[in-house]
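Colleague: Below, each chain spelled out in residue letters.
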Amino acid sequence: MVYNLSLSIFLMANAYIDLIVFAIVAAMVPIGMLLVSRLLSRKMKRNDILLDNYESAEMPIGDVKDITNDYLYYFPIFIAFELLIVALIFWSFVYSGIGIYFSAAVMLMLILGTIATFISLKFMERDYNE
Amino acid sequence: MNSYVSEVISNFALHYGLNGVLNEIATAIIFAVLVLILISAFDYMYGWFERKVMAKAQLRHGPNVVGKYGILQNLADIVKLLAKENIVPKNANKYLFLFSVPLMLALLIFIEEMLPLSPNFYGVDLSIGLLVVFVLISFTPLILFIAGWASGNKFGSISADRSVMMLISYELPMFLVMASVAVAAGSYNLMQIVNAQSSLPFALLLPVGFMVFFIVMLAEFERPPFDIREADSELIAGWLTDASSPFYSIALFIDYTRVLLGSIIITLLFLGGWIGPFSFPFSGFAWLIAKVILVALFLIVIRVTMIRMRIDKLLRFGWTIMLPLAVVNLLWAFALVSGYLPALGI
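Line order of the protein sequences matches chains A and B.
Quick note: the first sequence, position 18, residue 18 per this note's numbering, numbers continuous.
Quick note: the second sequence, position 95, residue 95 per this note's numbering, numbers continuous.
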């Protein structure tokens, strides 16, 4: 048992070492590209036009945070359904061990959730457009 | 790490007396570099080929000046882009803007390094590999949101807004299909998912799931007709509007790396991964790459033949068509594994 435990800890540590190395190598790519760019490029003289945002060659006006969203009514349904998905992911780990009736109940919950989504989407769309 | 690389390194380590951790680090570095070479080669060739095919489809010549058939055009473009200065606009949130685009590329490469490429060539064999990959993938729209918003540009902000809209339209079907694959394979381990397809690929076992997943991957990786975030005819370049040349070169890298990542995931989950009709030396890797290339070529065909979807239509499509189909697919997968469909002999 002790041997198995130490073996599993070693294997887990190995996986972490691999993941850390992969993350470092992955990070080196964009960093390397930017370093090469820094070496190859020449620094231009700064001015207002160079540093302004590009807005189809017009001078930028207003605030970027002014933008509104027309589809906010999707968000509450998304959050509710996201919770259902989390439950489903847990279920997919254990479905074979919890028995057919419990799994069927989870599936029923999923179907009811989808129907509820359709109904709430219809209502929210109507309320939002009024 | 059980791979060809591991074997070579172990022999090397034994010869020079390296200890376990150093051996593991050396193996991981070599594996990561090999995957990086694969990604770079694919990105380069795919970028060139896509430009050629798109040009043919639009009755243009495409790249044909630099190198034979214009094959060195991408190299010339990369050198040109990297030889320019990286400028941060004064309205931008400097640190978020500088951090987001490189982070996106690093994340995609990191995810690819976690995917198994053959039974003997993989980086890590995680028991929840599928879940880890999808959780990491679901961060990409949020990074693009930050990139667009932090640029301080109106087109970038609209793009960021669309990024979130896209996320809420296709993320749920994506996770539902992922759960159905795990249920059908009886595991979240990517190796076991591929091995579970030895008699029948999941594309045939879960056809609805395959269709939904393919569409979701197009949306996730911003491929037409779901290139709503960039939408060059509406938003200039969306989240890339204020990206300078070096960032633009990283964005091109991101674009093609996403194609490779999406194609590998589709191949692993639905097309049997490295399983082929007959075997030969390195056949596992060869079959996987052949399938990946076929999927990637199909993406070019979709790109040249489809028009961009409107954001409200995408939302409606995601919630009223994709979500119910994903639910039906999960029910189908559950019925299959719980033995309700013995007539199929599955």
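Do not take every clue at face value.
[Said to hold, decoys possible] Label-pair distances were calculated between CB atoms; the ranges are:
{"no.": "1", "chain 1": "A", "residue 1": "F93", "chain 2": "B", "residue 2": "F49", "range": "34 to 42 Å"}
{"no.": "2", "chain 1": "A", "residue 1": "I31", "chain 2": "B", "residue 2": "A57", "range": "17 to 25 Å"}
{"no.": "3", "chain 1": "A", "residue 1": "I31", "chain 2": "B", "residue 2": "V79", "range": "16 to 24 Å"}
{"no.": "4", "chain 1": "B", "residue 1": "V53", "chain 2": "A", "residue 2": "I31", "range": "51 to 59 Å"}
{"no.": "5", "chain 1": "B", "residue 1": "L72", "chain 2": "A", "residue 2": "E55", "range": "30 to 38 Å"}
{"no.": "6", "chain 1": "B", "residue 1": "H61", "chain 2": "A", "residue 2": "L108", "range": "57 to 65 Å"}
{"no.": "7", "chain 1": "A", "residue 1": "L112", "chain 2": "B", "residue 2": "V66", "range": "55 to 63 Å"}
[As the list claims (entries may be wrong)] Straight-line distance between alpha carbons at most 25 Å, and here's what the computed DMTMM-like set of lysine to aspartate or glutamate pairs gives:
{"no.": "8", "chain 1": "A", "residue 1": "K45", "chain 2": "B", "residue 2": "D77"}
{"no.": "9", "chain 1": "A", "residue 1": "K122", "chain 2": "B", "residue 2": "D312"}
{"no.": "10", "chain 1": "A", "residue 1": "K43", "chain 2": "B", "residue 2": "E85"}
{"no.": "11", "chain 1": "B", "residue 1": "K84", "chain 2": "A", "residue 2": "D52"}
{"no.": "12", "chain 1": "B", "residue 1": "K56", "chain 2": "B", "residue 2": "D227"}
{"no.": "13", "chain 1": "B", "residue 1": "K90", "chain 2": "B", "residue 2": "D232"}
{"no.": "14", "chain 1": "B", "residue 1": "K90", "chain 2": "A", "residue 2": "D52"}
{"no.": "15", "chain 1": "B", "residue 1": "K84", "chain 2": "A", "residue 2": "E55"}
{"no.": "16", "chain 1": "B", "residue 1": "K94", "chain 2": "A", "residue 2": "D52"}
{"no.": "17", "chain 1": "B", "residue 1": "K80", "chain 2": "B", "residue 2": "D232"}
{"no.": "18", "chain 1": "B", "residue 1": "K313", "chain 2": "A", "residue 2": "D52"}
{"no.": "19", "chain 1": "B", "residue 1": "K80", "chain 2": "A", "residue 2": "E82"}
{"no.": "20", "chain 1": "A", "residue 1": "K43", "chain 2": "B", "residue 2": "D77"}
{"no.": "21", "chain 1": "A", "residue 1": "K45", "chain 2": "B", "residue 2": "E85"}
{"no.": "22", "chain 1": "A", "residue 1": "K122", "chain 2": "B", "residue 2": "E85"}
{"no.": "23", "chain 1": "B", "residue 1": "K94", "chain 2": "A", "residue 2": "E55"}
{"no.": "24", "chain 1": "B", "residue 1": "K90", "chain 2": "A", "residue 2": "D48"}
{"no.": "25", "chain 1": "B", "residue 1": "K56", "chain 2": "B", "residue 2": "D255"}
{"no.": "26", "chain 1": "B", "residue 1": "K90", "chain 2": "A", "residue 2": "D70"}
{"no.": "27", "chain 1": "A", "residue 1": "K45", "chain 2": "A", "residue 2": "E55"}
{"no.": "28", "chain 1": "B", "residue 1": "K313", "chain 2": "A", "residue 2": "D48"}
{"no.": "29", "chain 1": "B", "residue 1": "K80", "chain 2": "A", "residue 2": "E55"}
{"no.": "30", "chain 1": "B", "residue 1": "K84", "chain 2": "A", "residue 2": "D48"}
{"no.": "31", "chain 1": "A", "residue 1": "K122", "chain 2": "A", "residue 2": "D70"}
{"no.": "32", "chain 1": "B", "residue 1": "K94", "chain 2": "A", "residue 2": "D48"}
[Said to hold, decoys possible] Chain A regions said to be covered by chain B (calculated; three or more residues, Cβ under 8 Å):
{"no.": "33", "region": "22 to 34"}
{"no.": "34", "region": "40 to 46"}
{"no.": "35", "region": "73 to 80"}
{"no.": "36", "region": "104 to 111"}
{"no.": "37", "region": "116 to 122"}
Because the hints were derived from the structure by calculation, they are not lab data.
Note that the coordinates shown come from a computational prediction; the quantities given were computed from them, not determined experimentally.
Quick reminder that beta carbons are idealized off the backbone N, C-alpha and C, glycines included.
Colleague: Now, for every hint given, state plainly whether the structure supports it.
Modeller: Do the hints match the structure? See the list:
1. A:F93 to B:F49: 34 to 42 Å: 41 Å, holds
2. A:I31 to B:A57: 17 to 25 Å: The hint (17 to 25 Å, Cβ to Cβ) is violated, given that A:I31 and B:A57 are roughly 37 Å apart.
3. A:I31 to B:V79: 16 to 24 Å: Because 18 Å falls inside the window, the suggested range holds.
4. B:V53 to A:I31: 51 to 59 Å: 32 Å, violated
5. B:L72 to A:E55: 30 to 38 Å: Given about 35 Å between the Cβ atoms, the range holds.
6. B:H61 to A:L108: 57 to 65 Å: 59 Å, holds
7. A:L112 to B:V66: 55 to 63 Å: 60 Å, holds
8. A:K45 to B:D77: 24 Å, holds
9. A:K122 to B:D312: 14 Å, holds
10. A:K43 to B:E85: Within the cut-off at roughly 6 Å; holds.
11. B:K84 to A:D52: 17 Å, holds
12. B:K56 to B:D227: 21 Å, holds
13. B:K90 to B:D232: 23 Å, holds
14. B:K90 to A:D52: Given pair B:K90, A:D52 holds - Cα atoms ~6 Å apart, limit 25 Å.
15. B:K84 to A:E55: The given pair, whose Cα atoms are some 21 Å apart, holds under the 25 Å limit.
16. B:K94 to A:D52: 13 Å, holds
17. B:K80 to B:D232: 21 Å, holds
18. B:K313 to A:D52: Violated. B:K313 to A:D52 sits at ~34 Å, over the 25 Å cutoff.
19. B:K80 to A:E82: Judged against 25 Å, a Cα distance of about 44 Å means the pair is violated.
20. A:K43 to B:D77: 20 Å, holds
21. A:K45 to B:E85: Holds, at roughly 11 Å.
22. A:K122 to B:E85: Violated, because 50 Å separates the two Cα atoms, which is more than 25 Å.
23. B:K94 to A:E55: 19 Å, holds
24. B:K90 to A:D48: 8 Å, holds
25. B:K56 to B:D255: Distance ~21 Å between B:K56 and B:D255 Cα, so the pair holds.
26. B:K90 to A:D70: 29 Å, violated
27. A:K45 to A:E55: 21 Å, holds
28. B:K313 to A:D48: Distance of about 39 Å is beyond 25 Å: violated.
29. B:K80 to A:E55: 24 Å, holds
30. B:K84 to A:D48: With Cα atoms ~19 Å apart, B:K84 and A:D48 stay inside 25 Å; holds.
31. A:K122 to A:D70: 15 Å, holds
32. B:K94 to A:D48: 16 Å, holds
33. 22 to 34: holds (count 10)
34. 40 to 46: holds (count 5)
35. 73 to 80: holds (count 4)
36. 104 to 111: Contact hint for the region 104 to 111 of chain A vs chain B: holds, 3 residues under 8 Å.
37. 116 to 122: Contact hint for the region 116 to 122 of chain A vs chain B: holds, 3 residues under 8 Å.
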